[in-house]
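As you go down the protein sequences, you meet chains S and C in turn.
With the numbering used here applied, the first sequence covers 11 to 367.
With the numbering used here applied, the second sequence covers 44 to 307.
Fair warning: there could be bad hints in the mix.
The following label-pair restraints were derived from C-beta to C-beta distances [unchecked claim]:
id, chain 1, residue 1, chain 2, residue 2, range
1, S, Gly217, C, Leu236, 55 to 61 Å
2, C, Leu236, S, Thr90, 53 to 59 Å
3, C, Leu59, S, Tyr44, 35 to 41 Å
4, S, Asp255, C, Leu294, 46 to 52 Å
5, S, Gly217, C, Ile291, 41 to 47 Å
6, C, Leu59, S, Pro58, 41 to 47 Å
7, C, Val231, S, Arg163, 28 to 34 Å
8, S, Asp255, C, Leu74, 54 to 60 Å
No lab work stands behind these hints, which were simulated from the structure alone.
Cβ atoms here follow ideal geometry from the backbone N, Cα and C, with glycine treated the same way.
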Amino acid sequence: MISHMSTPQLADATGTGLAGPENVIEVGALRQKYGDFEAVRGISFAVPRGEVFALLGTNGAGKTTTMEVLEGYTPATDGTVRVLGLDPIRQHRELRPRVGIMLQEGGFLGDLTVAETVDLWKGLSQDAGRPVTLSGSTELPGGFTLMGTRIRRVDRVTMGALELVGLEKKARVKVKQLSGGQKRRLDLALAVLSGPEVLFLDEPTTGMDPEARRTTWKVVEGLRDAGTTVLLTTHYLEEAERLADRLAIMHEGRIHTHGTVDEVVATSGDMITFRLPGTSWTFGDLPALDGVTPVLTYAGGGTEVGYTLTGSDTGTRAHAALRPLLAWADAHGETLGRLAVRRGTLEDVFMRIVGEV
Amino acid sequence: MKTDVLHAVRLARIDLTLVGRNTTVLFNVMLMPILIAALYSTFPVGETAGVSGEVFVLTGVPGLMLAFAVFINLVNAFTSRREELVLKRLRGGQPSAAAVMAGSGLSALVLFLFQVVLLGIWVYRFEGILPANVPMMVLAAALGVAVFGLIAAAFSGMTPNAEMAQITVLPVLLVMMVAAPVAFPADVLPGPLAVVTGLLPVTPIVEMMRTGFLGADHFTSGGEKLSMVGQWVAALPSIGILLVWIVIGGLLARWLFRWEPRHG
Ligand SMILES: Nc1ncnc2c1ncn2[C@@H]1O[C@H](COP(=O)(O)OP(=O)(O)OP(=O)(O)O)[C@@H](O)[C@H]1O
Ligand SMILES: [Mg+2]
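Only chain S is shown next, with the shape it has when bound in the complex (with noise of 0.2 Å):
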């Protein structure tokens, strides 16, 4: 639906030392003072064309500071940060056009109608050279009076966005009538309306049902697909793993881990839980496994055991772990109860993270 623009070739106006133009996102040593406070404590991270990159953490973790550097609002207290190997504060005119942003919040004119926005939108950008390609099914005819409010037509381009993003019927509704989610919407399709080739995206989905989270997620692959750079924050791990090429996990403005999904969740070992009758075990009556002795809890007459793997060979290490543990069981003449083997989580990786600072 999104059909993009021609790519141009990125300038190499860096001069910084850091990667070279094919990162289209470059942060090296950032640090973002608020005063005495420092929001971000120095991080690096590159985003390569066409990745989708997602930032998680705590609240207050230095995500949206992040952003908003990278989006020009700030100057970075220390540190580079490269956008399209631009400058975004000295050179953010150049990078205005480029570039599509959705805020954590709002800011739309409420007495305007969601077409009426989508249109200045859409001028705007028309104006900056950067004429929207988006097409609609329909049209909704205008010209008339209606109860003494002039209705306006509204073209096929802006219908072509709000459908887009799911608000089609909704063209004709004052903004300030949506609801939360309406809203967030309708700011996903101002993002991505000018066909921008990086798209800051900060918590796009907080506050849209599960239907326009998937659609926002299709939107975002499509983008992706079509070689759309996408920065994103989000507080939904599985939102990060349905789309991020790689991810990283900020808490108290530093990076904690980064790396692909699985890179990052195997950090976080693979779980072999199981349940032996009696509460006489103790972790010497079990063997080893992948070097890694287990936890056990006593409850209900039972004791719950439970091994985390985290050896070397991720792809393989819990294959490896059950044949001694039912050799083991088999030996012993014993039952492995409720036998479970779970691959570790990013919620796992993000809570061990949060606790262990």
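Once you've looked at the hints, dock chain C with the ligands against the given chain S.
Same frame as chain S, but now just chain C with the ligands:
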């Protein structure tokens, strides 16, 4: 540059649409100045500077309109849009900072000129006087909007929220209502006061407007008829003062204007 102009025009049109939809703003901007004009024109008797007191006052009323249609309107607009994060969003979108400011200025100029036209119709209808030098009036309006637009931007920076705007505009409003040479020429005031009044930005605007309306020298209390060239020559010091104010206003705005709500 061309993009900025297109953006400013587009934003100004949206501004005007929104003014039309907001009754409070509509009242403040459109009716208030007319009411004040009606009120002021009932005071004077006799002659001032070669014209009837009523004509003198009416041709000076644009100075007051400037306070309402431009200054108060813009302080309100800048402040509420900052608090509602509209300015932040616009700045993150396609338009540049200059285009956003220019858009607001442009819509204020349109409103202001519209009021001056209404006033012109009134003056013609009741006094039989047609404006003598329209370009001078338009220039006065444009310079006036530039100066007071920038001062409004600076004042909105000191205004924490839209309700407080009613209070922060008061000092400027009072000075404008008292010092603007609406009811009598600036130079009939005692020495130092006349100098100070003459240097305030509202004075040259009122004097240029009145001179433009009447085709006579209203930069002094003389009020003698002037040729077109004579009018422009007489206006030069006023234009100079306004240009200086644009610089001052620009510096103040740069220093005080805020795009985002202050935290904490
Ligand atoms: N303008 C400001 N002045 C002072 N402190 C600020 C300002 N903006 C943000 N902070 C502080 O900086 C820290 C990081 O804020 P930021 O908005 O970047 O967090 P975040 O990771 O986006 O959190 P969330 O998930 O809640 O959106 C917070 O502790 C916040 O209180
Ligand atoms: Mg945030």
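Consistency of the hints with the structure:
Hint check: glycine 217 of chain S to leucine 236 of chain C, Cβ distance near 59 Å, so the stated range 55 to 61 Å holds. Checked against the given bound of 53 to 59 Å, the beta carbons of leucine 236 of chain C and threonine 90 of chain S, roughly 56 Å apart, stay inside it. In this structure, leucine 59 of chain C and tyrosine 44 of chain S meet the distance hint of 35 to 41 Å, their C-beta atoms being roughly 38 Å apart. Distance hint for aspartate 255 of chain S and leucine 294 of chain C: a CB-CB separation of about 47 Å, consistent with the stated range 46 to 52 Å.
For the hinted restraint 41 to 47 Å between glycine 217 of chain S and isoleucine 291 of chain C, the CB-CB distance of approximately 45 Å keeps it satisfied. Checked against the given bound of 41 to 47 Å, the beta carbons of leucine 59 of chain C and proline 58 of chain S, roughly 45 Å apart, stay inside it. The hinted window of 28 to 34 Å between valine 231 of chain C and arginine 163 of chain S is violated, with their beta carbons roughly 58 Å apart. In this structure the hint that aspartate 255 of chain S and leucine 74 of chain C lie 54 to 60 Å apart at CB holds, the actual value being about 58 Å.
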